[in-house]
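Here's the letter readout for the chains.
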Amino acid sequence: MWQGMFSVFVLFGLWQAAGALRVGGIGDIPTPVDVARALVDATQTSRYWSSWAISGERVAIGFLAGTLIGVPVALALGMNRTLRGIVFPVMETLRPVPPLAWVPLSILFWPTLELSIIFVIFLGAFFSVALNVLGGVDAVDPSLLRAARSMGARPRHIFWMIVLPATIPAIVTGMALGMGLTWEIVIAAEMIAGKAGLGYLAWEGFVNGSLVSILVAMVSIGIGGFLSCGLIWVLGQRATPWQRKS
Amino acid sequence: MADARSIGRIAVKGVGKLYQRPKQPPVQVLDNCSFEIEPAKLTVLMGASGCGKSTLAYMIAGYLSPDKGSMTIDDISIVGPGPDRIMVFQETALWPWMTVIENVIFGPRALGSMSDAEARSKANALLTKFGLIEFRDKYPGQLSGGMKRRAELAQALINSPKIMILDEPFRGLDVMTRELMQEYYVGLFEETRLTTLFITAELEEAIFLADRLLIMGGSPSRIVKAIEVDLPHPRTWEVLTSERYLEIKEEIMRLLYQDQEAELLAQ
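Protein chains in written order, with the numbering used here: chain E, 1 to 246; chain H, 1001 to 1267.
Calculated from the structure, these hints are not laboratory results. Just so you know, not all the hints are guaranteed correct.
Taking CB as the label site, the calculated pair distances span [claimed, not checked]:
hint, chain 1, residue 1, chain 2, residue 2, range
1, E, E92, H, E1134, 34 to 42 Å
2, E, R156, H, A1117, 20 to 28 Å
3, E, R149, H, D1174, 29 to 37 Å
4, H, Q1258, E, I86, 51 to 59 Å
5, H, Q1260, E, P155, 42 to 50 Å
6, H, Q1028, E, E92, 36 to 44 Å
7, H, E1247, E, R156, 48 to 56 Å
8, E, A239, H, E1243, 54 to 62 Å
9, E, R95, H, L1264, 53 to 61 Å
10, H, T1072, E, T93, 51 to 59 Å
11, E, A76, H, E1134, 35 to 43 Å
12, E, A239, H, E1134, 23 to 31 Å
13, H, Q1260, E, E92, 50 to 58 Å
14, H, A1201, E, G85, 35 to 43 Å
Covered stretches of chain H, going by a simulated chain E footprint (3 or more residues, C-beta under 8 Å) [said to hold, decoys possible]:
hint, stretch
15, 1077 to 1087
16, 1095 to 1109
The beta carbon of each residue, even a glycine, is placed where N, CA and C say it ideally should be.
Pulled out of the complex, with its shape left as it was, chain E reads as follows (with noise of 0.2 Å):
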């Protein structure tokens, strides 16, 4: 714990010092003092805290979405071998699309920009979690599959009773991935086709020419990330209390 406070503390001593001192390069951003001063006067702002609400609300849905569908889908294909054979194959192939190669398309076919971003989001979560939920149900021990079936379970059973429980740690790695991966995608899109968000911010920080505004929206978007992420592991760890140390 010490180790990991002493080094971001350096991180930031250092970074200060580069600042003061007018190295180059480094020197000519600014200084940690400086970006949590304008973070401070931010939060002042309403339009500060309707960018977190506006890319927050883009992450929650395309994210829920995704997730929503993306584990059904993936314990449907793990149960399933002849659905996993035919559907399988159009998943690995439309995956190797990043999901930012499908903002212009998506722009041309969602009637609004909203919907076209959350459909983006959408698509890096929906992949992140099916992929690892499946892989999580092929991991399933098959000792644990044929004792269940040994005392009589039947498939209905074997699924909500050992299958489904199996997997949580899987979808839990799912849906932490897939929640950072949206990060990367919401503030992307938004800088692409944005005119609100944490994206725009840091963009259009960068077009008036302001460091210190890019630095508050990179700041912001990291602490978007972090707790969104922090919240999926706690949630995660609930959902498991059985891998908890005794």
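Got chain E; can you put chain H on it based on the hints?
The following block gives chain H in isolation, referenced to the frame of chain E:
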């Protein structure tokens, strides 16, 4: 379990099993394998690892079917797994995400054979008997190896099976725990007298537990010898120093040794 004494006679006649794996020559694991398992007795099946002990156990449990010969329980052919037989595997079969009691009542829940309240009260009784009642709401990951094995026994017994099949259940436990579990298991068996097939590769464990000992040997394997182990009941560790125990041990050692010698000569 009161009528367990009168049911659960297993008859295996002339059973053969050929394993065919892709890109490998077929292996005749068992051939002309015949024996009977008498009700209310603890029959131990012993043989070197890889001789087909587990294959036999899987066939009796109904997971595999023989290529040749017949297998019956109380004169009815075995056609698949059934709740009359319960198998305890080598590896732990507790589900990590269920507490101990949830693990124990899984069987009745899956079968719908009793009400939830009934299953819980039965499970509580079994867990009390196995000294696990205080650990009822713990997860398997929080138990020691010996406790896990006891929880599995409770899990198996709650369904009141006719026949218990234990496939090297104490393998992988440390020596101390293993000996404790053997003694514990003997006590449990003498109380329930549930027809049992116990599979092991350990000679001392085999003699200590068995009412009747079946020795597997040959290639392909069959039962080469059946020995009635007439050591006194209840069994305690003192029997391991008795003269009769040593006699039986010597007899079996000679058998196993002959088998190995024949194998070496055949090469």
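A quick look at each hint next to the structure:
1. For the hinted restraint 34 to 42 Å between E92/E and E1134/H, the CB-CB distance of approximately 50 Å leaves it violated.
2. Checked against the hint of 20 to 28 Å, the pair R156/E and A1117/H passes, with Cβ atoms roughly 22 Å apart.
3. The hint said 29 to 37 Å for the Cβ distance between R149/E and D1174/H, and at roughly 30 Å that hint holds.
4. For Q1258/H and I86/E, the hinted distance range of 51 to 59 Å is satisfied, since their beta carbons lie about 58 Å from each other.
5. In this structure the supplied range 42 to 50 Å holds for Q1260/H paired with P155/E, their Cβ-Cβ distance being about 45 Å.
6. At roughly 42 Å, the beta-carbon separation of Q1028/H and E92/E lies within the given 36 to 44 Å, and the hint holds.
7. Separated by about 54 Å at the C-beta atoms, E1247/H and R156/E satisfy the suggested range of 48 to 56 Å.
8. The supplied range of 54 to 62 Å is met by A239/E and E1243/H, whose beta-carbon atoms lie about 60 Å from each other.
9. Distance hint check: the CB atoms of R95/E and L1264/H are about 57 Å apart, consistent with the given range 53 to 61 Å.
10. For T1072/H and T93/E, the hinted distance range of 51 to 59 Å is satisfied, since their beta carbons lie about 53 Å from each other.
11. Checked against the hint of 35 to 43 Å, the pair A76/E and E1134/H passes, with Cβ atoms roughly 41 Å apart.
12. Between A239/E and E1134/H the beta carbon distance is about 26 Å. The supplied range of 23 to 31 Å therefore holds.
13. Between Q1260/H and E92/E the beta carbons are some 52 Å apart, a value that agrees with the proposed interval 50 to 58 Å.
14. For the pair A1201/H and G85/E, the beta carbons lie near 41 Å from each other, so the given range of 35 to 43 Å is met.
15. For the stretch 1077 to 1087 of chain H, the assignment as covered by chain E holds, since 4 residues bring a beta-carbon within under 8 Å of that chain's beta-carbons and 3 suffice.
16. Interface restraint, the stretch 1095 to 1109 of chain H with chain E: holds (7 residues with C-beta to C-beta distance below 8 Å; minimum three).
The earlier numbered hint that this structure contradicts is number 1, and it is the only one.
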